[in-house]
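Chains as they are written, first to last, in the numbering used here: chain X, 21 to 341; chain Z, 15 to 401.
There's no promise every hint is true.
What the hints assert, rightly or not - Cβ-Cβ distance ranges computed for the label pairs, FRET-style:
1) X:V175 x Z:A82: 21 to 29 Å
2) X:K178 x Z:E320: 48 to 56 Å
3) X:K178 x Z:K357: 52 to 60 Å
4) Z:N321 x X:N103: 21 to 29 Å
5) Z:Q115 x X:G151: 49 to 57 Å
6) Z:Q269 x X:L185: 22 to 30 Å
As the list claims (entries may be wrong) - Here are the computed lysine-lysine pairs in the DSS-like style, where the Cα-Cα straight-line distance is at most 30 Å:
7) Z:K280 x X:K52
8) Z:K280 x X:K106
9) X:K178 x Z:K385
10) Z:K280 x Z:K188
11) Z:K390 x X:K178
As the list claims (entries may be wrong) - In silico negatives: residues of chain Z with every beta carbon more than 10 Å from chain X:
12) D78
13) Q115
14) Y213
15) D229
16) Q306
17) K313
18) D389
No lab work stands behind these hints, which were simulated from the structure alone. For glycine and all other residues, C-beta sits at the position ideal for the given N, C-alpha and C.
Listed below, chain by chain, are the residues.
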Amino acid sequence: MWLVPFMVVMKGTSEYPLLFPLLFQWLRDVVKLQYFLNGLPIGSIYALVALSYSLIYAASGVLNWSQGDIVMLGAFIGFTIINVIKLGFTTGLLISMIVLALVGLLIQIAILQPLRNRQAPPINVVIATLGVAILIRNVALVIWGADAQNSPSPVSTKPIYLGSLSITPQDILILMAGIALMVILQFLLKRSKEGKALRAVAQDRYAAILMGIDTNRSDGVAFAASASLGAAAGMLVAPIFFVTFNMGALIGLKGFVAAVIGGLGNIPGAIAGGFFLGIIESMAGGQISSGYRDAITYALLILVLWLKPAGLFLRKTRQKV
Amino acid sequence: MFGLRKSISLLLILVIVLGSLLTIGGCSSQNSQKVLRIGVVGPESGGSAQLGQAQRKAVQLAVDEINASKAAGDWKLEAYFEDDEGNPTKSASATNKLIQQYKVNVLIASINSSATLADMVVTSRVGIPQITAGSTGASITAQGNEWIFRTAVNDEFQADALVKYARDVMGIKKIATFTASDDYGQSGAKLLASAAKKYSVDLVSEQTYNNGDKDFKPQLLSIKSSGAQGIFMWGLYTEAALISKQARQLGINAQLFGASGMASMKLIELGGDATQDMILTQSFLADSSEEQVKQFVDKYKAKYHENPIPHAAQAYDTVYIIANAVKVANSNKPEDLRNAIRKTQGLNLVTGSPKFNEKGDDIGKRLLITKIKGDKFVLVDTVFTGQ
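This is chain X alone, in the form it adopts within the complex (with noise of 0.2 Å):
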């Protein structure tokens, strides 16, 4: 019975909707549904940190993988800010985030503009990101030492039950605030003067050198919208995660699946693949096997670039090399 609405949304021409009948099946039960909630948040975290590749990946075509410890950074940053001198948690995100600008923007000029200059072969510049990333994360541990360090939650992590369903204030928190990060994103993107370039730049660089942008500036404005998304992502997860040294590694590393399942470089798929890929993680520790969960996270990565290399959520395929 219930595939009826299943087989009329396949014999449509979007393959989007494709998995909602699939998921309201399951979600019947109150189990799996709390499963789905559990997803949510951290599914928000990945999407802010798949956002960031993506942005920069659209913007300058380089795939900074300093995008992970650039998470951790802003964490301790926040977790010194809120911690150490005491100033509250909403403070403490702004800092960070701009802190972690001006880190980005200093990556662009310091590592990404000269090597782009002297017309790097596209490898150099991802292995200098790889440079960048093990270089944030020795500065930490000598600044922070190896021990995790506990960021206390600016919300109550006491659960509030529905029914028997039950979801914490700080999950709210953190895909509201996630939910947030990303409308202001895309308002900036659509509306603004630096996004408007930042969007011509991504879909014909020379095109957009010839229109008068200076692709320099549109890089470092990638790099540091891209930096303050990921400052934001590592203070939200700061509560549910503690803050480690080496916490850029995972957090790093799922984002940019969640980012490839959404297809690099486009927006609005980042955001998708990153709920996925949340949720998916969820559901599969807890319906398959909790060991297996990384297993099927990568299983289903590969499955994704097989069957669909430019994305799941990538209507019209485009090569972008």
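Based on these hints, arrange chain Z on the given structure of chain X.
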């Protein structure tokens, strides 16, 4: 007259020279006969550096004390230290170096269970008694190796004591295990399962996680739906703190239990309110009211200006066991030492009254069942490892 004076002075010189020669000779011959060399291997750098450094400090403290108080009779103890970084290969070569180069008579090695197992290959081949003061892995004393002894608490005793306490004192009938997927966690999972069987407690859910995982909610939800009244964790403190927090966030009110591997102040610091009332087994609490413990803590603090950790207490006791063995055997031959260690009795030390079973496990050790209250561990019950 003149000749007499000359011969007297010659005689005097002769006496002095001979006398000093004799005393020097006497001293050196006594030294070479009555010295017991102890080799110590532990991770003094790397991830478990804190444990190896505590072991070195405690061994040095005990050796100095024993030499000063003549607690080993005529025997003088000498300790030689090597760092293995927690790495089995480096540990085995450190053991070889201590045996060949420093001619040690007995070995205290090592802390990480995999390193201890590597050292045992060397010591059992050469035939040197080895005592581990830090490794809890059950496999160490399950190999029929006659040269190995352990003054740490075998994980088997810990799993047994935790499950028994849960059933007898807290009335828990259904338990879940939530263990790390490494060899430490998996050996713990097996021991908990067999303890549950022994005490006829229902094991309703067995979950695992990878070290470094951050999201434990899927497994915790399975545990929640299984209706377990107690969750037994086996792993390290960072993950245990996250598990405690996420369990409370999911509204799970089951009692949490943990083994000594995660019993660190850092667990309380990271886990905060979520770790309150968690129950853990440990062999040593620095703020205990036991007289032996107080004395040890005072001496350790006076020398190193920090509180000793359980590994320090166990290493300290180990040196006293060795001192007693060499005094009783009055020999530094490996077989004599081994037999004397095996017959250890009547000592009242910091972590208990050591007595070894045929496997080499200390069955006279106090095993403390502690509960987290506020920002510290509080003793709730004491059992002995032999029971």
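Here is what the structure says about each hint:
no.	hint	verdict
1	X:V175 x Z:A82: 21 to 29 Å	58 Å, violated
2	X:K178 x Z:E320: 48 to 56 Å	36 Å, violated
3	X:K178 x Z:K357: 52 to 60 Å	57 Å, holds
4	Z:N321 x X:N103: 21 to 29 Å	24 Å, holds
5	Z:Q115 x X:G151: 49 to 57 Å	42 Å, violated
6	Z:Q269 x X:L185: 22 to 30 Å	24 Å, holds
7	Z:K280 x X:K52	34 Å, violated
8	Z:K280 x X:K106	22 Å, holds
9	X:K178 x Z:K385	22 Å, holds
10	Z:K280 x Z:K188	29 Å, holds
11	Z:K390 x X:K178	23 Å, holds
12	D78	31 Å, holds
13	Q115	33 Å, holds
14	Y213	26 Å, holds
15	D229	6 Å, violated
16	Q306	31 Å, holds
17	K313	28 Å, holds
18	D389	13 Å, holds
Going through the hint list in order, the structure does not satisfy hints 1, 2, 5, 7 and 15.
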